[in-house]
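Peer 1: Same order as they appear, the protein sequences are chains G and B. Counting the first sequence from 1 gives a position; the numbering used here is that position plus 5. Counting the second sequence from 1 gives a position; the numbering used here is that position plus 28.
Read the hints as simulated data drawn from the structure, not as lab findings. Mixed in with the good hints, there may be bad ones.
[Said to hold, decoys possible] Capping the alpha-carbon separation at 30 Å, the derived lysine-lysine pairs in BS3-like fashion look like this:
1. G:K94 / G:K148
2. G:K71 / G:K123
3. G:K123 / B:K65
4. B:K65 / G:K148
5. G:K148 / G:K8
6. G:K56 / G:K71
7. G:K144 / B:K65
8. G:K144 / G:K123
9. G:K257 / G:K279
10. G:K246 / G:K94
11. G:K94 / G:K71
12. G:K144 / G:K28
13. G:K492 / G:K148
14. G:K415 / G:K475
15. B:K65 / G:K492
16. G:K307 / G:K257
17. B:K65 / G:K8
18. B:K81 / G:K492
Treat the numbers as computed from the prediction; the structure is a model and nothing was measured.
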Amino acid sequence: MAKNSLGREIPETFNGKRYMPYKDPHAIVPETFHFQRASRMLKRNYSGASKVVGGLREAIIASGLKDGMTISTHHHLRNGDRLLNDLVKEIDALGIRDIRIAASSVHIVHAELIPYIKKGVITALECGVNGPIGEQISKGEIKCPIVVRSHGGRARSVISGEVPIDVAFLAAPFCDEYGNFNGFYGPSACGSLGYALVDAQYARKVVAVTDNLVAFPALPIGVPQNIVDIVATVDSLGDPKKIVSSTTKLTKDPMGLQIAQYAAMVIDSSGYLKNGFSFQTGTGGISLAVAGHVRDMMRERKIKGSFGCGGITGFFVDMLEEGLFEGLFDVQCFDLKAVESIGRNRKHQEMSAGLYANPFNMGAVVNRLDCAILSATEIDVNFNVNVNTESSGLLLHNTGGHCDVANGAKVSIIVCPSIRGRLPMVRDEVTTITTPGETVGVLVTERGIAVNDHLPELKAELIRRRAPVKDIRQLHDEIYAVTGAPKAVEFTDEVVGLIEYLDGTIIDTVRTVRA
Amino acid sequence: MEIIKKGVAGTMQSSDLMVFVEPADTLRLEIESTVIKQFGHLIRAKADEVLAKNGVTAGFIRLTDRGALDYAIEARIETALQRASAA
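Start from the sequences, fold in the hints, and give me the full structure.
Peer 2: Okay, here's the thing in structure tokens:
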């Protein structure tokens, strides 16, 4: 065990692999470590014949998948995804064991995988998870080592070969028999295939799985035929109506609206809200309310923004079509309006996870962001943010692009109610560090705004505008005076998961909760 | 204050609680909470305080808490007690 720079105990090895402890956001320079791009064998296909081999079972056999290998899927259908569950069932039926899952994310719907973890079909997760799998891992009820990565960090780990994907099974909503596909059209259209684009480039075998085989050529091409090995057909990839989570609605809660109004003041005071403005929000109710204020200010002042980024919602599509942004960079569509737009709007650009946020290249899109709205499950007095574990200690959420965006954006703004169900959200220490405080600009709660030390001009401007600026420790004390001090959750010494920072260093661990 | 019938107050909303009161020979307090690990001790202390202040010596008091703050706990218990003691 070694302590990282944030004081968290980090094991030197985990599940047989060595890891470096986190130091600072810019500590790892790939050139000095001689990091390479992963290579894969060149292949030659003399035939112009169809690559359709049959269903999932035939595709698994044709791919050569064996015990101990790593597979990936993408999560663009989010909680409507059927492929990962069906795939693991077939892998089990074929008697294959000891499979690592390196999906771009895992959702609540994938609780169906739990019996296969117990059975030894799945023995490691090279990806973060949302919901019951993480909950059971952190309670010690199932054993399955898990490494949680951000979107940019996952892209990095695949591109560098740290996580070699043997077979990528990629849901392909609009696909032809020779393997060209996109996500724009068809009964399971999910829009951008941003996460899958990385896997298609770097996996040793690429299987396009479709429920919508169309006549050659499937245009426009998202993933091209020359990197697709196999095509498989299934009845259904899932239900795109479940892409939208309950959180993607504008808040009506007065506290949320107050937070959104303060966050809009922060953006207005940042000096970036002018022609060329670039912006990212999440899908949370407060984030969307902030986007509403930003839209209104841009309209009033006739500001033409540069780009909107991230998971894209219908709200951003409206802003694009109104001419408020030059374009949208879309790594994943968060609702069906975004799905419909990306197949139609040339300025609604599909973006790979590597282009979005991989730190080890000549510049990710997050580097060009002015302001970004991010959420938090907890934040501490040093601005470190937790989005992975709840205050109960259970691992319930994946990182998404949180630490990537905080690191890239000029002003990253955390919006968070000060109290959730009696739990104070500004803590002495967060349960788990997802995003280091030095990459966080501002915390906005309904009780006031705390500005990190590296943005003194923004702080001065907010004070000049009579915004309720407070020291983060003062906010902390005010909140504790209302809630009382919570007892700390007790953990065992058993490390069941790692929280990887975007550069591959380990920022924190997940330990099992003491019952 | 004497508990002579059933009394209920509160909601199941987040940051609120439901209080169920009914007559019993002894005083019994049962607490269920989403934050029992972190705040169980403070919820019990507040409930004990409100029961003592109202001179409740017998009754079955049940709290189903969704992370309510102390003032909400006090108000909900007081209301449930009044409803359970009024003729």
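Peer 1: Does each hint hold? Answer for all of them.
Peer 2: Cross-check of the supplied hints:
no.: 1; hint: G:K94 / G:K148; in the structure: holds (19 Å)
no.: 2; hint: G:K71 / G:K123; in the structure: holds (19 Å)
no.: 3; hint: G:K123 / B:K65; in the structure: holds (28 Å)
no.: 4; hint: B:K65 / G:K148; in the structure: holds (24 Å)
no.: 5; hint: G:K148 / G:K8; in the structure: holds (25 Å)
no.: 6; hint: G:K56 / G:K71; in the structure: holds (21 Å)
no.: 7; hint: G:K144 / B:K65; in the structure: holds (15 Å)
no.: 8; hint: G:K144 / G:K123; in the structure: holds (14 Å)
no.: 9; hint: G:K257 / G:K279; in the structure: holds (28 Å)
no.: 10; hint: G:K246 / G:K94; in the structure: holds (24 Å)
no.: 11; hint: G:K94 / G:K71; in the structure: holds (15 Å)
no.: 12; hint: G:K144 / G:K28; in the structure: holds (29 Å)
no.: 13; hint: G:K492 / G:K148; in the structure: holds (27 Å)
no.: 14; hint: G:K415 / G:K475; in the structure: holds (21 Å)
no.: 15; hint: B:K65 / G:K492; in the structure: holds (7 Å)
no.: 16; hint: G:K307 / G:K257; in the structure: holds (27 Å)
no.: 17; hint: B:K65 / G:K8; in the structure: holds (28 Å)
no.: 18; hint: B:K81 / G:K492; in the structure: holds (26 Å)
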